[in-house]
Amino acid sequence: MVFRRVTDEGQLFRLAETLKQDFPYSCTMHNNLLFHARRLCSTGTFYVLDDSPDSHVVMWRNNDVASQFTVFCREREVCQLQKALKETPLVTGINLHRGVSLTTCWARSRRSPIT
0 MVFRRVTDEG QLFRLAETLK QDFPYSCTMH NNLLFHARRL CSTGTFYVLD
50 DSPDSHVVMW RNNDVASQFT VFCREREVCQ LQKALKETPL VTGINLHRGV
100 SLTTCWARSR RSPIT
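Residue 8 in numbering that gives the first Met the number 0 sits at position 9 of the sequence shown, with consecutive numbering throughout.
Honestly, the hints are just simulated from the structure, not real lab data. What you are looking at is a predicted structure, and each value in this text was computed from that prediction instead of being measured. Glycine residues also receive a C-beta, built at the ideal position from the N, C-alpha and C atoms. Check before you lean on any hint, since a few could be wrong.
Simulated DEER-style distance windows between Cβ atoms [unchecked claim]:
# : residue 1 : residue 2 : range
1 : Pro52     : Cys78     : 15 to 23 Å
2 : Arg75     : Ser41     : 26 to 34 Å
3 : Glu74     : Asp50     : 30 to 38 Å
4 : Asn30     : Asp53     : 27 to 35 Å
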């Protein structure tokens, strides 16, 4: 499998700490990781790339609606994320070429003002 499920509370805390390096762009994923690590919510499951443990690619998938997912990565990891999303059975039926590309979304998020 391309993605590995993160299940341990300690792993969630470490992953949140790692994403601090990417503030302010990773704040939403960071906070979501902390809520789950502290067992304050359990709405989704987190995944990281199985073959790249030092990567900042993180996917959160809704436990109730499997087609709803959120991803985070660094700009230099966009191609790696796209490849993983195409290969994983976790998000079947998603057309990554519909609408705007992940690269375009990432670039837009970098220009968005933080309010």
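A quick look at each hint next to the structure:
{"no.": "1", "hint": "Pro52 <-> Cys78: 15 to 23 Å", "verdict": "holds, 18 Å"}
{"no.": "2", "hint": "Arg75 <-> Ser41: 26 to 34 Å", "verdict": "holds, 32 Å"}
{"no.": "3", "hint": "Glu74 <-> Asp50: 30 to 38 Å", "verdict": "violated, 20 Å"}
{"no.": "4", "hint": "Asn30 <-> Asp53: 27 to 35 Å", "verdict": "violated, 22 Å"}
Hints 3, 4 from the earlier list are contradicted by this structure; the remaining hints agree with it.
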